[in-house]
Amino acid sequence: MTNGRVFPIDRKITVLTLILAAFSPAAAAQKFLKLPSVEIFGGYSYLHFQSTTLGFSKQLNMSGAIAGISIPIYAGLGISGDASAHYSGDLEAYYFMAGPQYRLQWRALRLTGHGLFGKGRSRLRNPGTTFNEPSTLARAWAVGGELDVPLRERMWLRPLEADYVTTSAFGSTLHNLRISSGLIFIFGKH
Amino acid sequence: MMSQSVAEAKIYGRRRARVLRAALLTTAGVGLLHVLTACSSNQGRLAYVATGEGVFAFRINSHSGAPTEVLGSPFVAKTSATTATSPAGIAVHTSDRFLYVTNQSDNTISKFTINSLSGALTEVLPRTAAGLGPGPMVLDASGSFLFVGNQVSNDVSVFSVGTNGALSAASTVSVGSAPSSLALPSSGNFLFVAVPNFSAIYVFSVSSGSLNPVNGSPFLLSSGVASVGVDPQGRFLYVPNPSQNTVSGFAIQSAGGLSPIPGSPFSAGTAPVAAGVDPSGSFLYVANFGSTNLSQYTINSSNGAVTPITSSTTGTAGTNPQFLVFDPGGKTLFVGSVGAPSISQLTIKNDGSLSVTSNTIPLSSVPRALALTR
Numbered sequence: 001m002t003n004g005r006v007f008p009i010d011r012k013i014t015v016l017t018l019i020l021a022a023f024s025p026a027a028a029a030q031k032f033l034k035l036p037s038v039e040i041f042g043g044y045s046y047l048h049f050q051s052t053t054l055g056f057s058k059q060l061n062m063s064g065a066i067a068g069i070s071i072p073i074y075a076g077l078g079i080s081g082d083a084s085a086h087y088s089g090d091l092e093a094y095y096f097m098a099g100p101q102y103r104l105q106w107r108a109l110r111l112t113g114h115g116l117f118g119k120g121r122s123r124l125r126n127p128g129t130t131f132n133e134p135s136t137l138a139r140a141w142a143v144g145g146e147l148d149v150p151l152r153e154r155m156w157l158r159p160l161e162a163d164y165v166t167t168s169a170f171g172s173t174l175h176n177l178r179i180s181s182g183l184i185f186i187f188g189k190h
Numbered sequence: 001m002m003s004q005s006v007a008e009a010k011i012y013g014r015r016r017a018r019v020l021r022a023a024l025l026t027t028a029g030v031g032l033l034h035v036l037t038a039c040s041s042n043q044g045r046l047a048y049v050a051t052g053e054g055v056f057a058f059r060i061n062s063h064s065g066a067p068t069e070v071l072g073s074p075f076v077a078k079t080s081a082t083t084a085t086s087p088a089g090i091a092v093h094t095s096d097r098f099l100y101v102t103n104q105s106d107n108t109i110s111k112f113t114i115n116s117l118s119g120a121l122t123e124v125l126p127r128t129a130a131g132l133g134p135g136p137m138v139l140d141a142s143g144s145f146l147f148v149g150n151q152v153s154n155d156v157s158v159f160s161v162g163t164n165g166a167l168s169a170a171s172t173v174s175v176g177s178a179p180s181s182l183a184l185p186s187s188g189n190f191l192f193v194a195v196p197n198f199s200a201i202y203v204f205s206v207s208s209g210s211l212n213p214v215n216g217s218p219f220l221l222s223s224g225v226a227s228v229g230v231d232p233q234g235r236f237l238y239v240p241n242p243s244q245n246t247v248s249g250f251a252i253q254s255a256g257g258l259s260p261i262p263g264s265p266f267s268a269g270t271a272p273v274a275a276g277v278d279p280s281g282s283f284l285y286v287a288n289f290g291s292t293n294l295s296q297y298t299i300n301s302s303n304g305a306v307t308p309i310t311s312s313t314t315g316t317a318g319t320n321p322q323f324l325v326f327d328p329g330g331k332t333l334f335v336g337s338v339g340a341p342s343i344s345q346l347t348i349k350n351d352g353s354l355s356v357t358s359n360t361i362p363l364s365s366v367p368r369a370l371a372l373t374r
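Just so you know, the sequences run in chain order A and B.
Quick note: this note's numbering has the first sequence finishing at residue 190, numbered continuously throughout.
Quick note: this note's numbering has the second sequence finishing at residue 374, numbered continuously throughout.
For the record, the hints were derived by calculation from the structure and aren't laboratory data.
Since the structure is predicted, the reported quantities are computational estimates derived from the model, not experimental observations.
Each hint should be verified, as a subset may be incorrect.
Restricting the straight-line Cα-Cα distance to at most 30 Å, the calculated cross-link-like pairs of lysine-lysine (DSSO-like) are [claimed, not checked]:
1) K331(B) with K349(B)
2) K119(A) with K58(A)
3) K58(A) with K349(B)
4) K331(B) with K58(A)
These stretches of chain A come out as covered by chain B in the derived footprint (C-beta under 8 Å, 3 or more residues) [as the list claims (entries may be wrong)]:
5) 51-58
6) 127-134
Positions of the beta carbon are idealized from the N, C-alpha and C atoms, including for glycine.
Sequences and hints are given; from them, build the entire structure.
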């Protein structure tokens with residue numbers, strides 16, 4: 001036999017719970033948010049630069065360095081940012097970007113995808129005899145991901161980070177590929 | 001204890017294997033990129049256009065012919081921090097390492113080095129003194145001598161070219177009035193100079209950088225002279241006659257003399273100003289400044305007589321065509337137009353007829369001359 005008043009009482013409890021949850025951000029934060037750990041990444045970076053759009057006879061393969069930071073926030077979500085510099089005999093390219101990331105753990109491996117937005121500077125190292133400014137700073141964005149493997153508790157290896165980087169330079173839109181590799185050091189709660 | 005060491009060894013072994021796999025993955029990725037790089041290169045030749053603003057540079061896609069302006073273009077030889085010299089003539093050395101430009105505002109010749117990767121030009125100072133008002137120039141096929149027409153001092157200067165591209169004055173000969181164009185067949189044994197004010201063609205034999213007039217030079221034409229065009233084999237010479245709307249043809253004798261070709265002069269468009277023979281020596285093209293089109297002919301290889309191709313004229317993308325330049329492969333004709341400043345590209349079909357492509361290069365300044373790398 002069912003009491004006709006049971007259902008309304010349950011509904012009230014549910015509503016009350018939701019209201020309490022909605023007005024208790026501190027409690028919610030304690031429940032859902034991790035205290036941040038900070039991951040610092042540094043290493044080698046290679047850039048496949050679409051220089052034929054700028055009149056070069058071939059695409060440039062540029063070497064350089066990358067430094068990045070990522071902060072896990074909630075579950076797999078986090079934010080990341082990086083700065084990279086790449087050089088060839090004729091051109092330099094710099095990127096400063098940040099954006100959201102999402103991370104998956106698979107056994108000991110971590111797979112992370114990210115979308116980054118920021119600025120890119122391209123500079124001609126041998127501009128020749130010209131009146132034109134050999135450097136431009138323009139918007140840049142990137143989508144990509146990385147694979148991490150553990151070496152020690154607070155030191156991981158990132159054998160591969162790949163990013164499709166789009167930027168404007170000298171009035172043209174360039175589509176580049178960035179490949180990076182290096183070490184990650186983890187600070188804070190882990 | 002023993003089992004713990006074995007377990008640790010297994011753990012480290014697994015880690016090493018993971019690291020190795022990751023390293024192999026990275027290597028494969030970089031290798032793939034290098035393959036992509038090889039496939040995506042653009043080995044097209046470079047086109048340099050002399051204008052009053054400086055030298056505009058373009059990379060011409062070897063497949064599509066599409067031009068891409070080189071970063072930093074236009075390149076300038078400066079007379080002050082912000083002022084360009086006034087480039088008039090232009091020539092690329094046969095090595096593709098150097099570019100020469102005549103500067104009419106300071107009566108010099110600039111040497112630029114060509115960055116083969118980026119196409120950028122860097123001037124190498126000091127400049128070489130030329131005559132007054134240096135304009136048209138031509139290099140011999142071996143890249144050993146540079147010939148420059150001086151349009152104010154009314155003479156032709158010859159410079160020897162060193163292994164590093166440096167120029168040294170070799171000789172100078174007078175032509176009495178302003179030379180409008182120079183032509184040198186691939187054999188390099190004769191230099192032809194057009195002098196419109198005298199309606200004359202000067203012919204010089206060339207020997208180790210010295211010029212000697214051949215018997216009968218200068219050759220006078222009653223129909224007027226705009227410029228000269230010689231076939232690469234050095235058999236025939238063609239001269240546009242702007243006042244008569246015709247083109248005169250001459251057979252080049254072994255000693256350099258000129259004899260009229262049967263049927264010459266040949267009908268052309270309105271105010272023809274430039275004539276060019278394609279690298280195969282089979283076709284003649286004439287730029288008609290007034291009618292803004294090109295006349296096109298087949299050349300009789302035995303006597304040089306020309307016959308209009310069925311579609312006898314082709315329009316250009318620009319207006320008022322002024323000069324013609326062939327790509328070394330003989331597949332494309334570049335036309336410099338001064339009315340609407342531009343360089344048009346026309347494809348040379350097997351039968352010699354021309355078709356306009358969409359690969360026009362618009363310019364902000366009037367083109368005066370064009371040179372291509374090989």
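Query raised in the report: Among the hints numbered above, which are violated by the structure, and what are their numbers in rising order?
Result: No hint contradicted; all consistent.
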